[in-house]
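Asker: Sequence:
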Amino acid sequence: MQLLRYLTDAPLRRRVTAATNKVESFNRFSQWVGFGNQGVIADNDPVEQEKAMKFNSLLTNAVIFHNALDIAEIVRQLLEEGWEIDPGDLAHISPYLTEHIKRFGEYSTHELGIEPEAYDPKLDVDFTPLREQDLTTVGLGQAA
721 MQLLRYLTDA PLRRRVTAAT NKVESFNRFS QWVGFGNQGV IADNDPVEQE
771 KAMKFNSLLT NAVIFHNALD IAEIVRQLLE EGWEIDPGDL AHISPYLTEH
821 IKRFGEYSTH ELGIEPEAYD PKLDVDFTPL REQDLTTVGL GQAA
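First residue of the sequence shown? That's 721 in my numbering, and the numbers climb one at a time after it.
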């Protein structure tokens with residue numbers, strides 16, 4: 721039944737494809753971040769394997785968070801300059817950016833003791849149209 725529903729329901733196929741693409745993008749990004757030893761975990765000890773996977777996951781999520789902070793700061797600057805931000809455009813921005821990351825560069829640790837300013841997670845962008853669109857799409861998918 722689920723396969724027939726999937727085959728006959730175009731909005732459902734689009735949602736499944738979009739979700740699959742997001743997962744694949746995350747996996748590619750995670751592999752890019754964990755480039756050491758070409759992603760091969762050479763240790764046979766399950767505890768060490770789990771440590772390696774968790775460390776890669778932690779590092780991947782830290783880079784994604786940093787990218788999200790950078791994106792939010794740029795959006796805030798654009799809003800201050802008077803630009804109108806379309807929430808649909810923001811929905812297409814991925815935090816899996818790698819161009820600015822220097823995996824083999826020199827890194828300074830002198831800033832580690834500096835406490836960052838408090839982070840304000842609120843963006844002054846109305847995401848209501850996207851939420852309403854998602855609810856409408858879900859409703860269409862269930863009716864089929």
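Note that these hints are calculated values from the structure, not bench results. Quick caveat: nothing in here was measured; it's all calculated off a predicted structure. Certain hints may be false.
Cβ-Cβ distance ranges computed for the label pairs, FRET-style [what the hints assert, rightly or not]: (1) 802 to 769: 26 to 34 Å; (2) 828 to 851: 40 to 48 Å; (3) 760 to 799: 25 to 33 Å; (4) 759 to 786: 40 to 48 Å.
When the alpha-carbon atoms are kept at most 35 Å apart in a straight line, the in silico DSBU-like pairs for lysine-lysine are as follows [to be verified]: (5) 822 to 842; (6) 822 to 742; (7) 822 to 771; (8) 774 to 822.
We put the beta carbon where it would ideally sit given N, CA and C, even for glycine.
Asker: Work down the list of hints and note, for each, if the structure agrees.
Answerer: Hints versus structure:
{"no.": "1", "hint": "802 to 769: 26 to 34 Å", "result": "violated (52 Å)"}
{"no.": "2", "hint": "828 to 851: 40 to 48 Å", "result": "holds (42 Å)"}
{"no.": "3", "hint": "760 to 799: 25 to 33 Å", "result": "violated (45 Å)"}
{"no.": "4", "hint": "759 to 786: 40 to 48 Å", "result": "violated (22 Å)"}
{"no.": "5", "hint": "822 to 842", "result": "holds (29 Å)"}
{"no.": "6", "hint": "822 to 742", "result": "holds (24 Å)"}
{"no.": "7", "hint": "822 to 771", "result": "holds (24 Å)"}
{"no.": "8", "hint": "774 to 822", "result": "holds (22 Å)"}
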